[in-house]
Structures are given as structure tokens and as C-alpha cells.
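2 protein chains.
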Amino acid sequence: MTNVSQTIEQVAGFRVAGVAAGLKASGAEDMSLIVSDRPCAAAAVFTTNLMKAAPVLLDMERMAESAGDIRAVTVNTRCANACTGEQGLANAREMSRLTADALGISESSVLVMSTGVIGTHLQMDKIAHGINLAVNALGDDWAAAARGIMTTDTRPKSASARIETPEGVITIAGITKGSGMIAPNMATMLGVIVTDAVLTPAQASDALKAANDISFNRIVVDGDMSTNDTVILLANGASGIAVHPNHARQFDEAFRAVALSLAMAIVRDGEGATKFISLEVTGAADDASAKVIANTIATSPLVKTAFYGGDANWGRIVAAAGRANVPFDPDAVTLTMAAGLAPGAEDSLLLFENGMPTAYNEATATEIVKASEVTVTLAVGSGPGSAIVYTCDLSHDYVSINGSYRS
Amino acid sequence: MTNVSQTIEQVAGFRVAGVAAGLKASGAEDMSLIVSDRPCAAAAVFTTNLMKAAPVLLDMERMAESAGDIRAVTVNTRCANACTGEQGLANAREMSRLTADALGISESSVLVMSTGVIGTHLQMDKIAHGINLAVNALGDDWAAAARGIMTTDTRPKSASARIETPEGVITIAGITKGSGMIAPNMATMLGVIVTDAVLTPAQASDALKAANDISFNRIVVDGDMSTNDTVILLANGASGIAVHPNHARQFDEAFRAVALSLAMAIVRDGEGATKFISLEVTGAADDASAKVIANTIATSPLVKTAFYGGDANWGRIVAAAGRANVPFDPDAVTLTMAAGLAPGAEDSLLLFENGMPTAYNEATATEIVKASEVTVTLAVGSGPGSAIVYTCDLSHDYVSINGSYRS
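Protein sequence lines correspond, in order, to chains A and B.
Basically my numbering = 1-based index in the first sequence + 10.
Basically my numbering = 1-based index in the second sequence + 10.
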């Protein structure tokens with residue numbers, strides 16, 4: 011069991027900064043920079059949205075060319091640099107060039123990320139100013155770096171874990187930002203995870219993909235998927251410790267734990283969220299089918315508003331499952347709910363069993379859905395497929411936040 | 011051009027009632043009955059949700075056996091009789107038997123519909139009481155019948171049209187209820203459309219399917235799909251006028267106009283809706299692709315909240331299109347918006363052209379999205395496929411209504 015901290019002390023060979031470049035009217039940090047003192051093996055996962063933002067297109071190009079030689083990631087908020095055509099791509103390149111020049115490194119070793127409003131151009135004078143500020147502020151202030159990538163997030167999100175090996179300590183650490191537009195597919199967010207372990211690009215890619223699949227790919231806020239979603243892993247090898255068979259399992263476990271902690275932090279801070287819901291679908295024909303059903307439930311506005319209202323309207327969960335376009339036997343459907351995460355079987359309330367409502371106690375059901383953390387388990391048969399997704403409720407505040415995002 | 015009225019005077023050979031059976035605590039009408047004085051050619055379209063409610067299962071069975079011999083439809087609110095297993099099916103049968111007995115007709119000629127909370131059983135004493143009240147109240151009060159099927163609807167929905175033929179007048183009339191759980195596929199609502207035309211069951215089926223495809227299948231409130239969705243067409247032939255080639259086009263046009271009027275009324279009365287949005291996707295590879303893109307945009311919470319907030323955040327529309335899993339060229343995407351429905355080209359504002367934002371006037375864009383009716387046109391290429399869907403915004407009231415539906 012990995013011990014994950016919500017803060018980051020230091021990761022060997024990495025320096026970071028979060029600065030206020032004047033993009034946010036509030037004067038808060040709005041740009042971040044993560045720099046390694048040596049080339050990193052890098053891996054990245056990107057949005058599958060067809061309308062990929064300029065920084066995503068640039069990073070995809072860079073990753074194809076120099077995944078073994080990445081040195082820095084520059085991030086800006088307030089502008090997604092998406093749907094911006096050729097000028098957008100030129101601006102993304104300029105952002106990487108300015109970073110490279112200020113750091114005295116090669117432009118091809120810089121990745122960029124943008125988040126914010128779609129369809130507007132970067133204010134390049136402020137971006138240039140922010141890069142200079144950030145380069146001068148480089149240090150160990152990971153909290154500032156986590157703040158510098160926030161958009162509608164109400165709090166910064168970071169996580170770290172230390173792995174003790176016979177050769178010494180490896181550190182894994184990451185920062186992310188959410189918090190709306192979180193879809194079931196791919197990490198609909200920005201994230202940077204770093205480690206001082208020695209990884210090959212292939213090891214980095216495998217580790218990120220495996221962790222992504224059980225973390226950022228399992229979280230749902232509103233079902234929308236952004237143009238900018240990117241998670242980057244940088245492994246700089248500063249610990250001098252390679253991940254070899256002796257502790258590969260330990261490393262993978264810690265890596266997944268950090269990614270899951272970051273992903274769950276995004277859901278907990280989902281726009282307007284008042285509740286964290288862990289939803290497991292079991293008994294499906296296969297895992298993929300189970301995931302489709304789980305995602306359909308997790309994106310249902312009716313399910314999400316019922317949780318917000320503290321209404322144990324479990325029929326909406328079953329009805330959402332029924333429209334997932336995944337075949338199952340309605341008479342084999344069983345639903346339980348429990349307050350809290352990872353509850354014992356004795357704490358679970360059976361609401362619907364083999365297609366029939368049970369004679370459950372309504373007050374008990376209401377008590378469960380009024381809890382701040384709820385575990386829902388839906389069995390749709392006796393097949394081997396299962397999937398867990400994490401989601402939140404849909405509140406008045408979600409509507410307020412997104413009805414006035416640009417203003 | 012068919013002249014559609016929002017009220018229903020009378021349809022030859024049909025009598026209706028809407029009564030208060032005590033299901034709604036408010037004392038409002040909560041059950042409705044539609045009866046023909048002679049056998050009808052009937053057609054029906056049902057939810058594609060796997061968790062079909064008992065009345066849907068019963069009606070599917072009846073339609074398979076006696077589509078040419080239907081006499082009555084009984085509707086109750088407050089309880090969907092869904093996820094209720096064998097007892098639910100027995101209750102649906104009993105509801106049809108009670109109706110048949112009170113009317114002195116065959117049980118197999120009665121269809122039933124239920125709408126309301128999922129997972130609870132019908133209160134059969136009140137249902138029996140309501141059926142007796144309704145049979146005694148039968149007449150031409152279509153407004154009461156429209157009220158008797160309402161759930162969270164804020165107003166009753168009805169429409170009618172008269173078709174003048176050389177042989178006399180044919181009437182088409184319908185009532186529906188929405189207003190949440192309106193999904194892109196199939197009419198997520200209840201509806202009964204009647205006509206005194208002489209139709210064969212095959213003609214009735216063709217007419218309903220064609221009209222359904224351009225009306226109830228084109229409306230989106232929240233993307234959820236209920237367990238109970240049903241639209242029934244009853245053609246009793248009381249006018250003595252058959253629909254023959256001479257006026258088939260006129261009949262089809264009127265039928266589609268009535269269905270579209272009812273469908274648009276559902277969107278206008280969408281839960282918490284403050285805005286009506288007509289969304290057309292053009293230039294897709296085919297109509298089906300265009301519809302998938304349009305439905306993805308119409309169900310996007312980010313798009314819907316931006317419209318609610320009067321924020322011309324068009325990037326969310328393009329971003330939603332990009333995650334529809336339909337291939338198109340991002341550099342061929344063009345977006346225009348206009349206030350009102352069916353605006354002229356000169357009233358349309360070009361926001362995004364061939365993958366690049368235009369130098370549009372922000373104040374003009376804001377004025378458009380603040381209108382109560384907005385037309386959005388998204389071209390995704392130069393293909394022949396297009397689709398129109400109708401949707402509404404996502405408001406604070408939607409959350410309020412659905413956070414406390416059962417209470």
C-alpha cells in the first residue's frame with residue numbers, strides 16, 4: 011500500500027515555478043513552469059477530441075521526435091489556444107521558443123500546455139513576461155506551480171509518493187488541474203507527473219498509460235471532453251535508480267496511486283460538486299461493457315441532480331444503465347448503495363434485486379445518498395466484466411460557474 | 011403549409027377525459043383516458059431503453075396482436091410502473107382490464123401508459139378510482155386530458171390540424187407530456203395522436219415513424235432516456251375519408267406539423283428551460299453523422315450552461331462537435347449563430363470560419379445568445395449530410411426540479 015502525500019517537497023533534478031503573468035484579473039498565479047536539469051524520458055496522453063488545441067498538436071509533434079530528450083513544460087491559463095488555426099500553432103511554437111531561450115535549452119525539448127477559453131489567441135506579450143518571471147523564480151515551490159495551472163479549480167491539486175528501494179529513494183510527484191469538462195475518456199484535464207527514477211521512454215509510456223487507464227480515464231464531472239487534455243510524464247533519472255524487475259511492481263503501484271489521488275482530487279473539486287460518488291458496475295459481459303454502462307450512469311444529469319438533492323431516486327440509475335446500448339438482462343439487475351467509500355458488505359443497502367424493488371427502508375436510503383461520499387454498485391448479470399468510475403453530483407453551482415465562465 | 015392550432019376542438023369518434031384520481035397531492039388532474047367509439051388502426055413507437063416499463067412491455071405485446079383493433083388508452087402519472095417486475099406487469103394488465111370492463115370493450119383493445127417515479131408500484135385502488143371517474147367524464151375536454159398526463163410540465167401540450175379534402179375534413183390532433191429525460195433517440199415522453207382519417211395499420215405505422223423521425227427524435231432536454239417513452243397513433247376512420255394518393259402528401263405534411271409542434275412544445279417547456287435552440291449541422295458525410303454531432307452538442311452541459319448564462323462561448327460548441335466520434339476536417343469547420351428561428355442569412359453572425367475565429371463583434375454575439383430563440387448552424391465540411399435538432403439551455407431550475415423530484 012503506497013503512502014500518498016497531498017504535497018510535494020522536492021523531486022531531485024526538477025525545479026518549478028508558478029507566477030502571475032497578468033492573465034488572471036485576480037492577480038493570482040496563472041502560468042507555471044516545470045524544468046529538469048537534465049534530459050527526461052517523456053510520455054504523454056492527449057485528448058481524443060478532433061478539435062485538438064495548438065499546444066496539443068505541437069506536443070504530439072515533439073513527442074514523436076524527442077520523447078527521450080524533454081527538459082521543460084510551460085503552462086498558461088485563461089486561454090486554451092484552441093480553434094485558433096495557424097496563428098495559434100505559431101503562438102504555441104513561440105511559447106516554447108521563448109521558454110527554450112530563457113533556459114538556454116533546445117526548443118525541441120520544451121512542451122507547452124494551455125487551458126482556458128476556446129477560440130481566442132494567446133496574449134503573447136503576457137506569455138513572454140510570464141516565462142521570464144517563471145525562469146527567475148525556479149525552485150521547489152510546487153504549491154505555486156499547482157496554483158499556476160488552476161482555472162475554475164477551487165484548490166490546487168498535487169500528490170507525491172516515495173519508493174524505498176535497496177539502492178535508495180525514488181520520488182514520484184504530480185500536479186493537475188480540473189475541474190469541469192471532465193469526460194469518461196482520457197484525462198480531461200492538464201497534468202504533469204515527474205519522477206527522478208531512471209526510465210526508458212518505453213517504460214515511461216507504459217507506466218503512464220497503465221496509470222491513466224485506472225485514474226484519469228475513470229473520472230466524470232460533466233461528460234464534456236476538452237480540446238486541450240494532456241497528461242505528461244517526465245522521468246529525469248536524477249535518483250540514478252532504474253526501475254528493474256525487483257521493484258517494478260512497487261514503482262507501478264506508487265505511480266498508479268499518485269495518478270489516482272490526482273484524479274480523485276479533480277472529482278472532489280468538480281465544478282460545484284458537493285458529493286463524491288464511487289460507482290461500480292459488475293457482472294457485465296466484459297470490462298469494456300461495464301465501463302460504458304458506468305459512464306452512462308455517471309454522465310446522467312438526472313442521476314447527478316438526484317444525488318445533489320439527497321434523493322434516493324435509484325430508478326434513475328437503473329434507467330440510465332438501460333440506455334447505455336449494452337445488452338443485459340433487465341431481470342438480472344441488482345443495485346446496492348452505501349455511505350462512504352469502500353464500505354463493508356454489511357453497510358450496503360439492497361434497493362433493487364433481480365429486476366424487482368426490495369422492501370428497503372426509505373429513511374436509510376436517504377441517509378446514504380445524503381452522505382458526502384457514496385458507493386453505488388450495480389450488478390447487471392453474472393458476467394466477468396466490471397468497472398469502477400468516480401463522479402460527482404450536478405449542483406446549482408455547476409450551472410452558475412459555467413453560465414458565466416468567460417466573464 | 012399546415013396551419014397548426016395549439017388547441018383541440020373535437021375529433022370525430024373520439025372522447026377523452028382528464029381526472030384527479032388522487033395521485034397528485036395537489037389535487038390536479040393525474041389520469042387521462044382517450045377512447046374511440048370504433049376500432050382504430052394503431053401504431054406506436056417505444057423507448058429503446060433496455061429497462062422497459064411494464065406498460066411499455068404490455069403495449070408492445072398488444073400492438074403485435076391487435077394493432078388494427080385498439081379502442082382506448084389509459085394514462086396515469088406519479089408512478090412509472092418501471093423496474094417493478096412481475097407485479098408491475100400484473101398491475102399494468104389490471105389497469106387495462108379495469109378500463110375495458112368500465113367501457114364494455116375487449117381488454118386486448120386497451121393500451122396503457124404510465125409516467126412518474128421509477129421503482130414504485132401503482133396504487134391500484136386510486137388507478138381503479140381514476141378509471142371510473144374518467145369513463146364517467148368522457149367528452150371533448152382535450153385540455154383536461156392534456157393536463158392529466160403532465161408531470162413536471164408547467165403547461166399542457168396539445169396541437170391539431172384540419173385537412174380539407176374534396177371528400178370533407180380530416181382532423182389530426184395530439185397531446186404530449188415532457189419535460190425532463192428528453193433524449194436524442196426516440197420520443198422521450200408520452201404522446202397520443204389521433205385522427206379520424208381511415209388508415210390501415212401499415213399506413214398508421216408509416217405515418218407515425220416518418221413524423222417521429224423529424225419531431226420527437228429531434229429534441230433534447232437533458233440526454234436522459236426514460237423507461238416509459240411511448241407515442242401512440244390511433245386512426246378511427248370516423249371521417250370516412252381514406253388517405254389516398256390525391257391527398258397523401260397533404261396528410262403527411264399535416265401529421266408531421268402536428269408532431270413537430272408537440273415536440274417543440276416539449277423543448278420550450280424543458281425542465282427549467284429559458285431558451286429554445288435550433289441547431290443545424292451541415293456538410294457531414296451523411297445525415298446520420300450530422301445527427302450524432304448535433305446530438306453531442308445538444309447534450310453538452312457546457313454548451314447548455316453557456317446559453318443559459320447568455321455567454322457567446324461558441325468554442326464549447328465546436329469542442330463538443332470534436333468529441334462526437336465522427337470524423338471531419340477541423341480546418342473545414344464554420345459556425346454561425348442568429349437570434350430567432352429560421353433567420354435570414356443577413357441576420358447570421360459568422361463566428362468561426364474554416365477552423366479560424368473571425369473578427370466578429372462580441373456585443374453582437376452576446377445579443378444573439380441572449381435571445382429567447384437562437385439558431386446555430388455548424389458546417390463540418392462540404393458533405394451532403396445534415397440534421398436539425400431542437401434543444402434548450404441548462405438552468406438553475408433544472409437542478410432544483412430534478413434534485414427534489416420525488417419529494
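Since the hints were made in silico from the structure, they are not lab data.
A hint or two may mislead.
Because identical chains cannot be distinguished in the list, a pair is counted as satisfied if it fits within a single copy or across any two copies.
To be verified - When the alpha-carbon atoms are kept at most 25 Å apart in a straight line, the in silico SDA-like pairs for lysine to any residue are as follows: (1) 136 - 381; (2) 136 - 372; (3) 219 - 56; (4) 380 - 406; (5) 380 - 100; (6) 136 - 369; (7) 219 - 135; (8) 219 - 394; (9) 34 - 369; (10) 380 - 115; (11) 380 - 135; (12) 219 - 355; (13) 136 - 292; (14) 219 - 77; (15) 380 - 411; (16) 219 - 398; (17) 219 - 410; (18) 34 - 370; (19) 219 - 114; (20) 34 - 375; (21) 380 - 88; (22) 380 - 410.
When no copy is named, should residue 380 and residue 410 be tagged within, between, both, or neither for a Cα gap of at most 25 Å? both (22 Å within a copy, 16 Å between copies)
For residue 380 and residue 411, with the copy left unspecified, which applies at a CA distance of at most 25 Å: within, between, both, or neither? both (23 Å within a copy, 17 Å between copies)
Go through the copies and call it for residue 136 and residue 292: within, between, both or neither, with a Cα cutoff of 25 Å. neither (50 Å within a copy, 38 Å between copies)
Taking 25 Å as the upper bound on the Cα-Cα distance, should residue 219 and residue 394 be classified as within, between, both, or neither? within (23 Å within a copy, 38 Å between copies)
Could you figure out if residue 380 and residue 135 sit no more than 25 Å apart (CA to CA) within one copy, between two copies, both or neither? For residue 380 and residue 135, the Cα distance exceeds 25 Å both inside one copy (49 Å) and across copies (33 Å).
When Cα atoms must be at most 25 Å apart, do residue 380 and residue 88 count as within-copy, between-copy, both, or neither? between (35 Å within a copy, 23 Å between copies)
If the cutoff is 25 Å on CA atoms, where do residue 219 and residue 77 land: within, between, both or neither? Let me know, please. within (15 Å within a copy, 54 Å between copies)
Intra/inter-copy verdict for residue 34 and residue 375 if alpha-carbon distance must be at most 25 Å: Classified as between: cross-chain Cα gap 23 Å, same-chain 44 Å, threshold 25 Å.
Using 25 Å as the alpha carbon limit, work out where residue 380 and residue 115 are close: within a copy, between copies, both or neither. neither (53 Å within a copy, 49 Å between copies)
Could you figure out if residue 136 and residue 369 sit no more than 25 Å apart (CA to CA) within one copy, between two copies, both or neither? between (62 Å within a copy, 21 Å between copies)
Classify it for me, residue 136 with residue 381: is the Cα-Cα distance of at most 25 Å met within a copy, between copies, both or neither? neither (44 Å within a copy, 35 Å between copies)
Pop the pair residue 136 and residue 372 into one bin, within, between, both or neither, using alpha-carbon distances up to 25 Å. Intra 56 Å, inter 22 Å, cutoff 25 Å: inter-copy only.
Hint check: violations occur at hints 1, 5, 7, 10, 11, 12, 13, 17 and 19; the rest are consistent with the structure.
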